[in-house]
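Asker: In the order they appear, the protein sequences are chains G and Z. Sequential numbering of the first sequence, starting at 1, is according to my numbering. Sequential numbering of the second sequence, starting at 256, is according to my numbering.
Incorrect hints may have been included.
Straight-line Cα separation of at most 30 Å, DSSO-like style, residue types lysine-lysine; simulated pairs [unchecked claim]: (1) G:175 with Z:352; (2) G:56 with Z:352; (3) Z:264 with G:110.
Keep in mind that the hints were calculated from the coordinates and are not lab data.
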Amino acid sequence: MDVIARVGELLKRGETFCLVTVVVSANPDIPAGGKTIVLTDGSMEGGTGSAQLDSKVRALALKALEEKKRGTVEIEDGVRAFFDVLSGEAKLLVCGAGHIAIPLADFARKVGFRVTVLDDRSDFAHPSRFPGCEVIAEDFIVALRDMPFSPSTYVVVITRGHEHDAECLAEVLRKETAYVGLIGSRRRVQFVLEMLGREGIPQERLEEVFAPIGLPIGAESPEEIALSIVAELVTIRRKDHAQGRALRAAAGGSR
Amino acid sequence: MTDQEIFQKCAELRDRDIPFCLATIAEAVGSTPREIGAKMIICADGSMHGSVGGGCGENQVRSAALRCILTTKKPEFLEIDLTDDLGTRGGDVCGGKMWIFVEPL
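With the hints as constraints, model all of the structure from the sequences given.
Answerer: Structure below.
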């Protein structure tokens, strides 16, 4: 197996998988450096050469994927393997290129998101405002319809008005996403979500929207609000939705 | 650097026939400068991409990588001790220990 090419390909496709590497070995049949890829569906590429050991490696890899936990395990006497959990670069789509979008895109890029900013106003969605980001100046619905989404796509909806928020969400919630967050006062987000419910977006999907957006750190300025949103994105990427919800609940409110 | 950027860099170095090693933090206890899974590429000329912890332990990793590239061609599993109390011996003071796998790819 050409590991570099295969890993690169899986990451580019936005897949999450476990790369198992033998790091210490007293068994000459399983040399250090040997690699096995285990995908989330349990399929394996590479392998140790022993069916029995492979099934153990598969189980450990699936556990690592489930828990998003990397580390080493002794897979047989004198043989230690490192279970690495790799994910394609998380993509952040920011709908709305206003004043919060600038620090948001900047911080998100710094913590490793590939950022796309979308707005229908070309003076706001301008590359000079968002260095290092993909910037799209286009009608929201038109742009979102053709945009590729994956389980590594994070979406933050911060347009200038609730009509645009609603139209963005109506498109985004039909797609596969890692996270969807909506900015606004409690009243405004409630209004938008109820409207989408009436338009036929399933209730379970609406409940997945983080609204109002961001971890409760007492944010006030655009930069602070951006920080609270990025903190939430990192929580979801490193942990899961449950942890994101728990942190909000613990502080009893948003931002 | 993200994992994706690290593997892109590996592919690029291989295409250009530049020998290199990949170093990955495989295990860590206590306080360490970077998390398990953090990666760094060390090239034959000593240049590095990514990071396994800033100054902390990187010299040891670099030496192991160059040893591997230039002579042994074999991977190494390094234990890096960052528990030098006050750094009085010029050591690292992050407080923990980490194990780094250095391999030629």
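Asker: If a hint holds in the structure, say so; if it does not, say that too.
Answerer: Hint-by-hint comparison with the structure:
1. G:175 with Z:352: 43 Å, violated
2. G:56 with Z:352: Holds, because 28 Å separates the two Cα atoms, which is no more than 30 Å.
3. Z:264 with G:110: 19 Å, holds
When the structure is compared with the earlier hints, a violation turns up for hint 1 alone.
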